[in-house]
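**Student:** The lines below spell out each chain.
There are 4 protein chains.
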Amino acid sequence: MAKAELQMNADQLNVFMREVFQQVADDFNVEEVKPNEVTMRLRVTEKHLRPGGTVSGPSMFGLADVAAYVATLAMIGPKALAVTTNCSLDFMRKPQADADLIATARLLKLGRQLSVSHVLVYSEGMADPVAQATMTYAIPPAKMG
Amino acid sequence: MAKAELQMNADQLNVFMREVFQQVADDFNVEEVKPNEVTMRLRVTEKHLRPGGTVSGPSMFGLADVAAYVATLAMIGPKALAVTTNCSLDFMRKPQADADLIATARLLKLGRQLSVSHVLVYSEGMADPVAQATMTYAIPPAKMG
Amino acid sequence: MAKAELQMNADQLNVFMREVFQQVADDFNVEEVKPNEVTMRLRVTEKHLRPGGTVSGPSMFGLADVAAYVATLAMIGPKALAVTTNCSLDFMRKPQADADLIATARLLKLGRQLSVSHVLVYSEGMADPVAQATMTYAIPPAKMG
Amino acid sequence: MAKAELQMNADQLNVFMREVFQQVADDFNVEEVKPNEVTMRLRVTEKHLRPGGTVSGPSMFGLADVAAYVATLAMIGPKALAVTTNCSLDFMRKPQADADLIATARLLKLGRQLSVSHVLVYSEGMADPVAQATMTYAIPPAKMG
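Chains as they are written, first to last, in the working numbering: chain A, 1 to 145; chain B, 1001 to 1145; chain C, 2001 to 2145; chain D, 3001 to 3145.
Just so you know, these hints were derived from the structure itself, not from any lab.
Note that the coordinates shown come from a computational prediction; the quantities given were computed from them, not determined experimentally.
Straight-line alpha carbon distances no greater than 20 Å define the calculated PhoX-like cross-link-like pairs of lysine-lysine that follow:
no., chain 1, residue 1, chain 2, residue 2
1, A, LYS47, A, LYS94
2, D, LYS3079, D, LYS3034
3, D, LYS3047, C, LYS2047
4, A, LYS34, A, LYS79
5, A, LYS47, B, LYS1047
6, C, LYS2079, D, LYS3094
7, D, LYS3079, C, LYS2094
8, A, LYS79, B, LYS1094
9, B, LYS1079, A, LYS94
10, C, LYS2034, C, LYS2079
11, B, LYS1094, B, LYS1047
12, B, LYS1034, B, LYS1079
Away from chain D, derived, C-beta distances all over 12 Å, residues of chain A:
no., residue
13, ASP26
14, ASP27
15, ASN29
16, GLY52
17, GLU124
Partial list, derived from the structure: chain A residues whose beta carbon lies under 8 Å from chain D:
no., residue
18, ASP90
19, MET92
20, LYS109
21, GLN132
For each residue, glycine too, the CB sits at the ideal point set by N, CA and C.
Pulled out of the complex, with its shape left as it was, chain A reads as follows:
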């Protein structure tokens, strides 16, 4: 994946996220974008928590999903229609309730039809990851014309 070139930078990705995912865009921030690698933040608030003082599973899934999506968009440009087809998640440690979650998504394959990523999710300030995810996105065919 040596010839990879960024199509969108962090600012452009944040603007695009705000346009297409109004409902959740405030929760997320694209922190850093490199070819085939993106770092995303989930601003953890009350609604992301579970009793026992931890961040909920759906919140961790949601962050991993968005991070893999943004890592894909960064390389192919804005395509709102890319959809997740497969995800595998390992929950390894309990995240802290009073810390944001940080995800690093690494794009391992970018084909015409599919992108495949590996995502590590961290509780900000902890050294070891709280979860890992593998994500596959289906990329919509380019419009002809």
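We have chain A already, so just place chains B, C and D on it with the hints.
**Tutor:** Chains B, C and D in isolation, oriented as in the chain A frame:
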């Protein structure tokens, strides 16, 4: 898994869910409980939707997760501390925005330390499943004494 | 998936397997084929075993993989080039060393580009499954012309 | 996982593999061992191939499985009984038929009961990975005595 016997019925499970997951218990309802099989409903509202008129990925994950948890609890009794360790999800069809999601979780293994389930998620009224999930739960060791 | 119609029966599938997978075709047999469901046998021999008297992980993976492939071919006709893109496996019980493995693959989605299946693997004679798998196959585009 | 210390080096792991997995030990070699990271080689021969000039899926699964096992053993010492409980695999590129496979397994969690790894599989000489895997191993309880 022939000797399996229910430890909790649908009413008891709904009461327990309300105690331990106040924040989301209104979203879910245990519809039916049989040995090693549970049917759960997600009442889809505005907060579960995504632009384009579909239910969000985290909502589908959350339902599959809760369904596998409840299928486990039904057989081992109320243990709030069981935690998801692994999940694999295939998103196969687009759910309808104006229909609840219905999940059927089938318990395939119930060991001392782990339970393993297969979950099918349906958009109510559609014949084919919108997602499948496999879920592993770690069961906390019984307290001694 | 109501309109599904079989394109190949068990005999045709066994002949096709023998043509395209000479090296391993003797190991496998298509036992039964129904619309969207296939039952496959792995004839367990010395080479499939592991010390401790059990069937190896790669043998279980191989059976699940072939079962999902055959379930797909049964519906789309002979296409040797379909390739596995994703697989998730839960190993739940130890298979017996002196029994064949039987897999039942159920096709949950058959799109133009992808098929998605759920597979249960049994040690012949045991009531509970030894493994479950979810398999995604990429279907090669139809040749035009 | 800062306090991690190696319990076995590459030579010790190769000797142990030969003792417990006689049938397949010649196929594999532990190339390099570091705390929480192992590099393994699969010596690709005729039996690992598929028509079309590529390495079979079960061979790739087998290598990822062994690499995660060895990464775990390197940290906990020789325990032949550790068993795979879950595996997720993405097949991303076609391996070359005339090249060995090289896997790098990175241990992300080492608990008392479970180890969780991420594995990348390469066709020797290709820059991009042919497959990624996540593997969970159940660690047998220490004998009391």
